[in-house]
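Participant: Here are the chains, one letter per residue:
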Amino acid sequence: MTELHHLTLAELADGLRSRQFSSVELTRHFLARIERFNPALNAFVTVTAEQALAAAARADEQLAKGGAGGLAGLPIAHKDIFCTDGVLTTCGSRMLSNFVAPYDATVVERLAQAGTVMLGKANMDEFAMGSSNETSWYGPVKNPWDPSKVPGGSSGGSAAAVAARLAPAATGTDTGGSIRQPAALTGLTGLKPTYGRISRYGMIAFASSLDQAGTLTVTARDAAMLLQAMAGFDPKDSTSVDAPVPDYLATLEQPLEGLKIGLLKEFFESGLDPANEQLVREALKVYERLGAKLVDVSLPNLPLSVPTYYVVAPAECSSNLSRFDGVRFGYRCENPVDLMDMYKRTRGEGFGAEVKRRIMTGTYVLSAGYYDAYYLRAQKVRRLITDDFARAFKEVDVLMGPTAPTPAFDIGAKVDDPITMYLNDIYTIGANLAGLPAISVPCGFMSGLPVGLQIIGPHFAEARLLNFAHMYQRETEWHKQIPRGYE
Amino acid sequence: MKWETVIGLEIHAQLSTKSKIFSSAPTAFGAPPNAQANLVDLGYPGVLPVLNREAVRMAVKFGLACNATIARRSVFARKNYFYPDLPKGYQISQYELPIVAKGKLDIVLEDGTRKTIGITRAHLEEDAGKSLHEDFQGASGIDLNRAGTPLLEIVSEPDMRSAKEAVAYMKKVHTLVRYLDICDGNMQEGSFRCDANVSVRPVGQKEFGTRCEIKNLNSFRFIEKAINYEVARQIDILESGGKVQQETRLYDPDKGETRSLRTKEEANDYRYFPDPDLLPLVLDDEFIETVRGTLPELPDEKAARYIEKFGLSEYDAGVLTSSREIADYYETVVAALGGNEKLAANWVMVELSAALNKENLEITQSRVDAERLAGLLKRIVDQTISGKIAKEVFEQMWAEGKDADAIIEAKGLKQITDTSAIEKVIDEVIAANPKQLAEYRSGKDKLFGFFVGQVMKLTAGKANPAQVNELLKKKLAG
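Those protein sequence lines, which keep their order, are chains G and Y.
Sequence positions in the first sequence follow numbering that gives the first Met the number 0 and run 0 to 486.
Sequence positions in the second sequence follow numbering that gives the first Met the number 0 and run 0 to 477.
In isolation and in its complexed conformation, chain Y is listed as follows (with noise of 0.2 Å):
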């Protein structure tokens, strides 16, 4: 039988806000333990919680972004369970009444087609603290710095049809929040995590098969890895005529594998309801449309200037838009050269992207900013240097972090357009060579190439390639 996957995602993007969603204690990680929680985030007797306007600005920033409804009225909710690092023994979320619903995302897929994916709803809410079972000899230690922290949890539809369509949505997701700055992305430290919902039915059938919930995916490779391997579990499972269990299982990066952590009859009853310290959040059009006009340019609309604009492929484009810190080094760039767009994104796709990959670096870290890489392809445009003198240069631009012109003049590397120059170094060629010309002169044509490198030799390169070739066509005829 031909089988089908179905997932869909609950991306939580821990939302960059200075402090905390309901106290005023700060959300930096790295803090010693406990040292970064207070008495609200300890669930004291008698605290209140109190709301954090910037969580809720940048809440509304995602949904404009993914073009959803803002509820101009959303309701915080509690979700009660017990557990050692929930301090209050519920979860303050937001349940019937998201803040956003009903938006979308393209993705890309391989083949270049486009697929919208819905997304349900994200809401916002407190993140939990950590519960520490190594270090303490017959008990467990409680980290409550993470208690608190504000979340942004997004909720897919169930749209995306393989692993490689999940972690193209979870992408694009991860650079729409950097794009707008509401969450630092960083998913070693567990800013941008995912929990995926996956099912497989025989294709054809409408129904969705009995779906698992595979829990706190934190690298792309590992929601990739971890769907794969539980579509091929349940398709084993039916096809040796078992059924699937609902339930929630956990990826092992170290197998490879999921393992079942609660069937559904283990599940909690959360008892939701209206949480009592909060009040309902009202948002007035002013608010929302004050939020609209901070959007920066979104990924997409910056993708498609570049296509009109600039006459990028959609393929550069989509390169260049990947993420917030590459189009702005490649529009820094644009902007100090003034045009010239194809080159400088031919460069920054490959000869910098080349270097920052070899040390593993991000473009922020780059030994090259985007000005002095700027100053380089002003000495290709006002043709100072050839190309491939220019490779050589950024290569000591980037060992010794000078600029290109600095390294050009103490060189020498500058190039030679000088005509009478070039002529006297072809005439050396010419003269040097008989037996070749002669060849050449007899319809060897290949022979050219020839001619063209002993130039350039002698140059050591810096003659002007395009004069080159003229002069020295001339100059073969005779």
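Extracted from the complex, chain G is given alone in its bound form (with noise of 0.2 Å):
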């Protein structure tokens, strides 16, 4: 028999439903690869055992009176950034290490009402700043492929986990590449929805307006089963938009003959590893078969954006960082003598350099004298960077590029370097800035190391970008490879 480990999100599905399996045996297996593979990847900040096992049996009793949801017995990871009711949501800092959250996020009890699992909570960057993993109050995270690599972030422990299939499938988060990073350095699928598709409420903000949740999956299909569940209006967030949630699954398979994939040249030109390059060729040469048709697409504005993003992120953060300050909830310093002592030492010891450095990043940028040459300024290349996408999106159905500049890189290395640290993210920011869908497939290996192809849609254009990454995931077996030691 085929390890269950091996099997996709469907797949799992599938066996539940016939009863080949148990959700307490599948949730059992986990577990039992978590405790004996979490040590060394540190993938998990909390890892909820026995309400897992709870949640299983319940939802085996789902499953044996019919009429369960899709979703049913499917253990899944939760990125630490979603609040979970009664659970330790540390968001990877030291100033949230001792909260408990009291409510679940939209993202959490809608996937728990679809009969999802919660095996624990994965590690993250600090307040998802970082695109190594490498913030965490909770330590890096290691990459499966190879323990000295770095997973990506800031979804790195989300990515860890299914990567070396701790988990079959995991929720993300993406500011400005979080969740397609990490999935292009892992192998993984990675999908993030459109800018108000999935419901913030619970999660905690990074940059408002940028933050997005997702999934990391093995599959394109186990995306849309995922975003099935996310998707939709929730009263309670006022960015997330009263739009019809689709059937994702049901057009996965569409042929793609005649439709128009653009080439972002701009991402082709700079930085971009000739290797790496050659991969993502190889790849738009398999659409080519599928009869689509590529077309060469320039966003002149695109280039600008990594210093829009890391005005706009920083200002956005400045402020929501605000709440954190020692009085209600989280970290608090030892014995303050006074307002202004217990201020300065909770976020000076809560805080971690990354979140410190962009607090103050922000705080600048909106600082009186400095707003319209910064904030405003960004606001307005953000407009352009929009209006370029939209343009585009007049010609083609998807754009496409790498992911990532560069496979994965070694713990360590850009620690000490945030600007190189921030070029990570050069092709993904984009689609934060215009808040479109985006997702990542695996296209190939470098030197054993995983590697990405980026597909960006128009708003609301998920099932379209599920749709191109599933025919791809019929044509190529990428996907389905398992780090050595985790098969």
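Watch out, some of these pointers could steer you wrong.
Capping the alpha-carbon separation at 27 Å, the derived lysine-lysine pairs in DSSO-like fashion look like this [to be verified]: (1) Y:171 <-> Y:103; (2) Y:445 <-> Y:456; (3) G:343 <-> Y:78; (4) Y:445 <-> Y:473; (5) Y:163 <-> Y:129; (6) G:355 <-> Y:78; (7) Y:78 <-> G:235; (8) G:379 <-> Y:78; (9) Y:129 <-> G:343; (10) Y:103 <-> Y:114; (11) Y:103 <-> Y:308; (12) Y:377 <-> Y:308; (13) G:235 <-> Y:17; (14) Y:456 <-> G:343.
Think of the hints as simulated: they come from the structure by calculation, not from any bench.
Given the structure is predicted, the values throughout are model-derived calculations rather than measurements.
Got two chains here, each in a separate frame; can you build the complex from them with the hints?
Facilitator: Put into structure tokens, the structure is as follows:
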């Protein structure tokens, strides 16, 4: 018999439904793998074994009775950025190292209602600020493909957990590439939906106008299954969009004949490793074989993405993180002598270096006298980038390019060089600034490390992206690869 | 040198919505600390604000009532600063694009002239919580019940030239928000309070002087005192050759003075920016017109109607429309009485008002309600009792809570209007006072009053005064 962790989420769902195995068995299997592999990988901050087994038993009852939801009994991991009622929710920070959330995030609630079983909370860069999972208070996460490498970030714990098959799927969040870049670096399918497609309620905010929940899965079909449950308007989030949620599974296999793929000129021009480019070009050939047409597209303002992002995101983060003041919840310094001392030491001790760097940058760009030159100008450029994308989507159905400039890099290699670290997100940030959906799918290996192909679509074109990703995965085996030692 | 005072007010009116502006927690006053603060009000990680539609409706109502422009698109912004009773580390407010702009209100000055005060803007924002410094040794308590309560901040132009004008304007806005039913106007509980920007300049100078902002004035009396103190302080400084420092000051009602809270240099940089958690607030014409349809008759319109249709004086119309409750009471009396608006106005303004003042009651707490008062006035109109007797009856109604008719009946106060009965009394009086009669007839007209008094005395005041006058004149003439 195939090992349970070799199966995709879709296959596991079939197995549960046909009673080949129970959710309790499945959950035990993954909990055992977590116990065995997590100490080395550090993918989980919290493992909720007891609750998981109880939820699995309930799912089994439902499955036996019939009428269970499509995700009934499927174990998943949640990024530790999502509030989980009664469970430690750290956001990878010392600041929340004692924070037991009193409520469920909408994403957590919806996936629980659909029947999923939470295995635990996945490690992440502190407050989702990082591209390597090295900024976590709980220590770096290792890449299952090579433990000396980073898994990417900020959803690095989610990515490592799924890549090592410690969980069949995981949630993540993507503010500047935090789902797609780790997906690329660990050989997974990573979907960042349209801004507003999934509620942000209960997702601890980093940069509110950019943050978007999504999925890290083995296949595009698995992503479609999870998205189906997660998507939709939430009255608790004013920025969630009240648009109908299509049947994402129904359109997975639509032919790609005649569809137009725009190749982002700017993505292939600067800093892309030739071997990485070669793999992306190979993937494009697969699409040509499937009948899609390739068109060169230029987005002239796209190279301004990184500087624009590093004004907008820190500005919002500097304000969003003000609530962590030691007054009501979370970390508070020992024996403060007065209010100012409490603020200074609580925040000085509770936040790590990268978070402080961004708070300071953000505070600066919003300050009187600098607001126009930085924040306002960045917003204008953001508009130009959004317009560039809108113009491109009048010509093509999707845009394609690499997800990250390089495969996974060494732990510690860039940690002291924030600019180099920030450039990791050079290809992913554009979609966040424009609020567009994008997906990364594995498209090959460089020296044994996975590489991702990025597909970006117009607003609310998740079904089209999943369709493109799925059709590619029907033709290729890259996504089925499991890192050595975790088979 | 002669100095001119320049004042602008920022009024904070707490909107009387049931729930908070961005959360579903109730807004009622007086609950135990933190009992009315939910996760949104507490600024918990991951929570998001959702705008209360009712607060928007109330802000639009205010804008329409002061002839302002209602923004089709307004934006919520974050005002960032650290304070323990500000849970998120920022206050959600409106900054560059407020919901209401460019309005105006007329005030009436003491000499009866009208003056228009410009309203620069009115914007929606959330209130902060409270820091409690007593009762906690070496620490402070935080009560977040008030956090997230909706406020409408109404910013005036620097159009006022005296503390009295400032108070008149503040009262005008107070009356208006009560009429609109968007704020309970309770100044003691802080539902209606203001900050005053005060400066002075030599008469004739165009540029404004350096201003000071006086914070948190929560009574009409304090506003007047605080402004007058501040004006004197600034003139003192200038006349002794000094310069006024731009700063925020706090009024101390116990000492009757203002003192410095922070200077301009110590002021926060609030780092305002649009709140990415809330979409721009877009209002269409339909919504605005629907709100317009719910506007009540406003005090100025009401007063104009009283003057034109009821023939009241401008002063009386002003008093009777000074609060929605007084106007409602008055109009109920008029309706039940079927006219006689002047009689009703006099009674509400004189007898009723005196009775209320004596016990320090609001008109809504009156021991004689509008229907009962109308019942009494009916008896004056139909001449069952005289105005003088009516005052006695009113006193008993106030004390005993009974209808006028019951008291008139029980005490036999019904007016005598039977001509022969009155004539009989007059004859008796004339017969008993031959000396006075002779004097009267010899030209001492003043004695007429003496005869009237005698007749009224004998009838215990119940004889119809007009009839007594008429009949007495005839009989005395012989």
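Participant: Indicate, hint by hint, whether the structure satisfies it.
Facilitator: To see whether the hints hold, each was checked on the structure:
1. Y:171 <-> Y:103: With a Cα-Cα distance of about 11 Å, the restraint between residue 171 (chain Y) and residue 103 (chain Y) holds, given a limit of 27 Å.
2. Y:445 <-> Y:456: Holds. Residue 445 (chain Y) to residue 456 (chain Y) sits at ~18 Å (cutoff 27 Å).
3. G:343 <-> Y:78: 20 Å, holds
4. Y:445 <-> Y:473: Holds: residue 445 (chain Y) and residue 473 (chain Y) sit about 16 Å apart, inside 27 Å.
5. Y:163 <-> Y:129: 31 Å, violated
6. G:355 <-> Y:78: 20 Å, holds
7. Y:78 <-> G:235: Distance of about 22 Å is within 27 Å: holds.
8. G:379 <-> Y:78: Given pair residue 379 (chain G), residue 78 (chain Y) holds - Cα atoms ~21 Å apart, limit 27 Å.
9. Y:129 <-> G:343: With a Cα-Cα distance of about 22 Å, the restraint between residue 129 (chain Y) and residue 343 (chain G) holds, given a limit of 27 Å.
10. Y:103 <-> Y:114: Holds, at roughly 10 Å.
11. Y:103 <-> Y:308: OK: residue 103 (chain Y) and residue 308 (chain Y) at ~26 Å, within 27 Å.
12. Y:377 <-> Y:308: Holds, because 20 Å separates the two Cα atoms, which is no more than 27 Å.
13. G:235 <-> Y:17: Holds: residue 235 (chain G) and residue 17 (chain Y) sit about 18 Å apart, inside 27 Å.
14. Y:456 <-> G:343: Violated - the C-alpha atoms of residue 343 (chain G) and residue 456 (chain Y) are around 86 Å apart, more than 27 Å.
When held up to the earlier numbered hints, the structure conflicts with 5 and 14 and fits the remainder.
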